[in-house]
Each structure stands twice: as C-alpha cells, then as structure tokens.
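Given the sequences, and given the hints that come with them, work out the whole structure.
Protein chains in written order, with this note's numbering: chain A, 1 to 420; chain B, 421 to 692.
Read the hints as simulated data drawn from the structure, not as lab findings.
There may be inaccurate statements among the hints.
Unchecked claim - Here are the simulated EDC-like pairs of lysine to aspartate or glutamate, each with C-alpha atoms no more than 20 Å apart in a straight line: (1) B:Lys647 - B:Glu658; (2) B:Lys470 - A:Glu296; (3) B:Lys528 - A:Glu304.
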Amino acid sequence: MTTTAVRKDGPAAVTPTPTVGGHARNYLSRVRGGDVGALPAVLGLIVLCTVFAVMRPSSFLSAGNFANLFTQGAAVTLIAMGLVFVLLLGEIDLSAGFASGVCAAVLANVVTVLGYPWWVAVLAAIATGLVIGTTIGLLVAKIGIPSFVVTLAGFLAFQGIVLMLVKDGTNVSVRDEVLIAIANRNLTPALGWALTALAVVGYAAVQLLRHRNRVARGLITDPITVVALRIVGLAVILGTAVYVLNLERSRNVLISSLKGVPIVVPIIAVLLIVWTFVLQRTSYGRHIYAVGGNREAARRAGIEVDRIRISVFVICSSMAAIGGIVAASRANSVDPNTGGSNVLLYAVGAAVIGGTSLFGGKGRVLDAILGGAVVAVIENGMGLMEYSAGVKYAVTGVVLLLAASVDALSRRRAAATGTR
Amino acid sequence: MSATPLLELRGIDKSFGPVQVLRDVALTVHPGEVTALVGDNGAGKSTLVKCISGIHPTDAGEFLFNGEPVHIGSPRDAATLGIEVVYQDLALCDNLDIVQNMFLGREKRSGIVLDEPTMEQLAAETLAGLSIRTVTSLRQHVSSLSGGQRQTVAIAKAVLWNSKLVILDEPTAALGVAQTAQVLELVRRLADNGLAVVLISHNMNDVFAVSDRIAALYLGQMVAQVKTTDITHAQVVELITAGRSGGLGLATDPGSNGDGPQPADSISGGVR
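Pasting the structure below:
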C-alpha cells in the first residue's frame with residue numbers, strides 16, 4: 001500500500017524550506033490562533049519582576065532573595081509538576097496538598113520517632129505517595145467516582161491523618177543532616193557550574209542530533225539558526241542564574257559563607273528532564289495526551305485507558321510526596337499544617353498559570369515550573385512590600401483566575417480558528 | 421476484480437437479548453471494489469460492521485477471509501487480518517498532530533523512545549500514495565483541520581497498516597459538497613489501489629458515484645446484493661424502504677413471513 005513515493009511529491013515537501021522569519025511568523029500565527037502556551041506565564045513573570053524590582057530594588061533584586069525564591073517555591077512546584085499529569089487527563093487532584101503532608105509526616109516519624117536512616121524515611125514517604133495515588137486512581141478509574149469527589153474526600157481524610165501522625169497539634173522535628181540539606185544547603189559554586197555545563201551540552205547534543213537526523217531523512221526541520229538560538233538561550237538563562245546564585249549572600253562572610261545553587265534546584269531539574277522525556281518521547285506519554293484529548297479515540301486505538309488514568313494519580317501523589325519531603329526539609333519539622341492552607345491551591349494555580357489546560361490534553365511539566373515561579377514571585381514580592389497575607393491570597397487568586405480565563409479563551413479561540 | 425471474494429459472510433445471525441438484529445445475513449466483498457452497504461436506520465448496518473470488526477460476537481454464521489474460514493473474536497483479530505474501520509465520529513484526538521494520530525496506539529519505537537522521523541516518513545508516504553495534497557503540514561494539530569481533511573486523515577490512518585479491507589461508516593455525512601467529492605475520490609482510489617472497501621451511506625448520490633456493488637439490508641436481512649450498473653436509484657430506495665423491488669429482494673410479502681413487520685418495530689427500537 002505505502003508506495004515509496006519520491007518525497008518531493010509528498011505533503012511534507014509542500015511547505016517551503018523553513019526560514020527564521022517563517023518560523024517566527026508560524027509562532028505568531030499559532031499564538032493568534034489560540035495556542036498561547038507558556039507565553040502568559042513568561043510575560044507575567046517579567047511584569048511581576050519589573051514591578052517588584054522598581055518598588056523594592058534593594059531587597060527584591062538581592063542574590064539572597066533570588067535564592068530564597070527557589071527554596072520557597074520548590075515544594076509547590078514539585079506538587080504542581082505531578083498535578084500536570086492529572087490535569088492532562090482533564091481530572092483534578094484536590095488531595096495533593098495534604099497527601100504531601102501525610103508523606104512528610106511519615107518521613108518525620110520514620111526518621112525522628114523510629115530512628116531509621118534518612119533514605120529509609122524518603123523511601124517510606126514516596127511509598128506512601130504511591131499507595132495514596134493507587135487508591136485514588138482505582139476509585140476514579142475502576143469504581144467510576146469523579147476525581148473531584150474522590151480527592152475532595154482525600155483532602156479531608158488526609159488532613160485528619162496528618163493530625164493523627166503528628167500527635168494533635170504538636171510537631172515532629174526533622175534533624176537528619178541529609179534531609180535538612182535538601183532545602184537548606186547549597187552546591188559548591190564549582191559543582192553548580194559543572195552541572196550547568198552538563199545541562200547545556202546535553203541539551204545541545206539532543207537538539208543537534210535530532211536536527212541532523214531529520215535533515216538526513218529529508219524531513220521538515222526548524223532552521224539551524226532557531227536550534228542554535230534555543231541552545232544559546234538556555235545557556236544564557238542557566239548561566240545568569242547560576243552566576244547570581246554563586247555570589248556571596250551571607251551578611252557576614254567571616255562567620256559563615258553562603259553561596260551556591262540550592263540543592264533542591266538540581267533535584268527539580270532532574271525531575272523536569274525525566275518527566276518531560278516520559279511525556280514527549282515515550283508512547284506512555286503520547287497515550288496520556290491521547291486519553292486527555294479524546295478518551296473514546298484512545299480506547300479504540302487499543303490504549304488501556306483505565307491503566308493510564310490510574311497511573312497519573314500515582315505519579316501525582318508520588319510527586320506530592322517529594323514535595324512533602326522538601327517542605328519538611330525547609331521547615332526542619334512537620335506540623336499539622338504541612339501541605340495545608342494554600343499549598344494545593346498554589347500548586348493547581350502554578351500548573352494552570354504555566355499554561356496547562358484545565359480541560360485536559362494540553363500541558364507540559366515545564367509549565368508547572370514557570371507557573372510555580374510566578375506564584376513564588378508574587379508570594380515573595382508581596383511579602384517584601386509588607387502586604388498582609390490577606391492581600392497575598394487575594395492577588396494570587398486573581399492571578400489564577402486570569403490564567404484560567406486565558407486558558408478558556410484560548411481554547412475558544414482555537415475552536416473558532418481550528419475547524420476550518 | 422478477482423474470483424475469490426476477500427471477505428465472505430454466510431448465515432450471520434445476531435441477537436441482542438430477545439431482539440434479533442441480523443438474520444441469515446450473507447455478504448461478499450471483493451478486493452478492488454467498493455461495496456456500498458445501504459439500509460434504513462435500524463436495518464442492522466452498524467451491527468453488521470461491528471460483527472465484522474470483532475466488537476460484537478456473532479450468534480451463528482461463517483466468516484471466510486480469502487476463502488479461508490476465520491474467527492474474529494476481537495478488534496485485534498480483525499486488525500491482524502487487515503480489517504480497519506473508519507467510524508462516523510472519526511476517533512481522532514484533536515490535541516495531537518496528524519502523524520501522532522495516524523500511529524496512535526501502534527507507535528514505532530526504537531528502544532523506549534518514540535521513533536518520530538520514521539513515523540513521519542511513513543505517514544508522508546501513505547498520504548502521498550493516496551495522492552492526498554490537501555494537508556500542508558504533517559505536524560499540524562488535527563483541531564486545525566477541516567472536516568474533509570479530518571476524514572482524509574482517518575482514512576489514511578486505516579490504510580497505513582497494510583490493511584486489506586477498509587470499512588467506512590458514513591464518511592461524508594457531515595461534509596460539504598466539495599469535501600464530499602474529495603473524500604469520495606479518495607474512497608475510489610482506495611479500491612483502485614486494490615483494497616476492498618465497504619462504504620456505509622445513506623446518500624444515494626454517493627453510493628452511485630463510487631460503488632461497484634450495492635448490498636441492501638432491510639430489517640436485519642440482506643435483501644439484495646447486486647452490481648451498481650444493474651440497478652436504478654429508485655430500485656435501491658425501494659429495497660431500503662420495502663425490502664423488495666420487482667424481481668429483487670424478499671421473495672414473499674414480509675407480512676406473511678413468520679416474524680414479519682411486528683418484530684421489525686422492536687428491531688429499530690432495540691438497535692438505538
């Protein structure tokens with residue numbers, strides 16, 4: 001059937017040879033067509049940073065504050081990364097916040113009360129996340145309860161379990177050096193540079209190999225200039241960030257030196273790479289998008305829809321467990337409010353602000369990080385401007401609403417321009 | 421046209437509970453031909469297609485594929501034989517691009533990594549083989565395609581797997597005039613490329629435009645299977661609505677038949 005036609009006749013050759021200008025025009029027309037991607041988050045981030053930099057130049061722009069942004073936003077960002085998977089199916093996990101609290105409480109109990117080494121505690125916390133996720137997934141996929149209801153019940157129940165695990169209102173401290181280091185210590189500047197170089201070289205290798213492979217097969221590719229610009233862009237952003245983080249930020253260098261990339265940053269980076277690989281380069285990831293886009297079509301294509309649905313809740317709760325570990329590390333303790341109050345809403349907000357659709361089928365793990373940065377900047381900047389918690393919540397709420405509106409409007413726009 | 425039919429059904433019976441939807445249905449499908457399957461709502465067209473594609477098991481009857489008796493117990497069996505169905509509601513994912521949709525569920529991989537270049541090449545070759553030039557980029561999301569282009573992609577997806585029999589369930593139902601012509605042209609080309617095509621349609625113009633044979637179902641019975649050149653528009657309409665037309669169709673008056681029009685109503689009710 002498949003005639004080995006000369007590719008010049010094929011539809012792939014209909015479009016003219018790609019140019020940088022054509023690439024830019026393509027992107028603009030995609031944005032106009034409603035495919036805005038992470039653009040609102042990036043623009044929002046720039047606006048917010050400019051505003052805070054003008055209002056509080058000395059405190060907001062300091063190297064110390066820059067490092068703070070990462071450790072402050074880490075837990076929420078990690079939970080948001082897991083939520084992206086659930087949102088991709090058009091489902092929701094309202095229990096992710098307190099699930100992270102439960103996992104943190106398990107961690108603290110295993111390491112402090114029972115006295116096991118740190119890695120046993122970490123494994124126990126992640127295993128707890130796996131169990132929670134499997135349970136939610138089975139209830140949603142096999143019994144057929146809407147995920148909203150299952151996880152709302154989880155939200156309440158896990159809150160209770162955290163209370164029971166930390167003995168009513170007291171807290172369990174975490175003193176293990178390794179666990180505390182996760183959110184409170186930094187890489188040495190040299191190691192920071194080495195990892196940056198590795199990341200940039202690795203990214204360049206992947207991009208260039210892909211480009212060469214596609215050119216060799218005569219397929220349409222992005223122009224090499226665009227590929228090069230992407231690599232240079234990544235190098236500049238990472239380089240600047242690492243340079244600033246490697247500046248001395250201790251108030252008194254004689255007492256203690258404080259510089260380097262916070263350890264939690266490479267942890268997030270590795271998880272970002274792993275999950276992005278899973279979503280973009282494996283058939284499992286492809287099937288997640290398919291189920292989120294059209295469940296019936298996925299089923300007819302022979303995809304085991306139930307298995308995919310269960311698995312995303314497992315991923316979400318496991319990422320929540322990692323978020324819980326980071327939160328416990330940062331606070332040096334676990335109390336009944338770990339993973340509570342605004343954590344879940346910030347995490348959902350981060351994913352949506354970053355450009356992940358609440359309607360399913362559209363989103364990336366990177367979105368969670370961009371959105372998490374927006375949330376962290378709001379929280380941090382408003383704090384520096386000495387606004388009350390009330391104002392912070394209200395502003396974050398408005399930003400989330402804005403993001404959801406952009407999502408809904410771009411979807412409508414895509415529907416209007418998409419079908420012919 | 422070859423002597424042995426690609427697919428031959430004999431004496432197919434199918435009931436859902438007390439409602440008999442197909443009775444003693446026979447159908448032959450030849451490679452290189454478009455066989456139009458016509459019938460009123462509830463005549464059993466969809467059920468027959470679902471039996472062929474392995475979604476419903478049959479109660480009785482024989483399947484012969486290339487002259488060999490086969491058993492089709494699941495959609496997978498059907499796919500292994502080279503039977504692909506293009507459903508009315510298309511079954512494409514809007515948020516995926518053309519290549520991703522064409523390979524959905526059967527992605528090519530090298531190791532655990534998706535082999536995108538190979539998939540893109542195969543997709544391009546398939547579309548080129550069908551002389552499809554309406555699609556500008558293979559990496560375009562399906563949501564940005566017109567109805568006719570989507571139907572084209574759905575058909576190309578069915579053809580990609582070296583399929584031998586392609587069943588199209590009302591492919592032109594939702595299309596405009598120009599797009600209908602495009603899709604019909606494609607249907608014709610499939611047959612000219614040597615595939616057996618079964619086309620389900622309500623539209624007599626479409627049926628007469630592309631089909632080589634017409635098979636008419638009436639209340640779960642195959643009342644006639646004739647060459648398109650041997651029959652007129654009006655006769656087909658009579659076969660669909662009354663089950664017979666002149667010398668064609670049911671021999672006796674349906675009323676005198678043991679279970680005549682009476683269960684007929686329950687059939688059309690039951691199939692819904």
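Hints, verified against the model:
1. Only pairs whose Cα atoms come within 20 Å are accepted, and Lys647 (chain B) paired with Glu658 (chain B) is accepted, the gap being roughly 16 Å.
2. Taking the CA atoms of Lys470 (chain B) and Glu296 (chain A), the gap is near 16 Å; set against the 20 Å cutoff, the hint holds.
3. Of the supplied pair hints, the one linking Lys528 (chain B) and Glu304 (chain A) holds, its CA atoms being roughly 18 Å apart against a limit of 20 Å.
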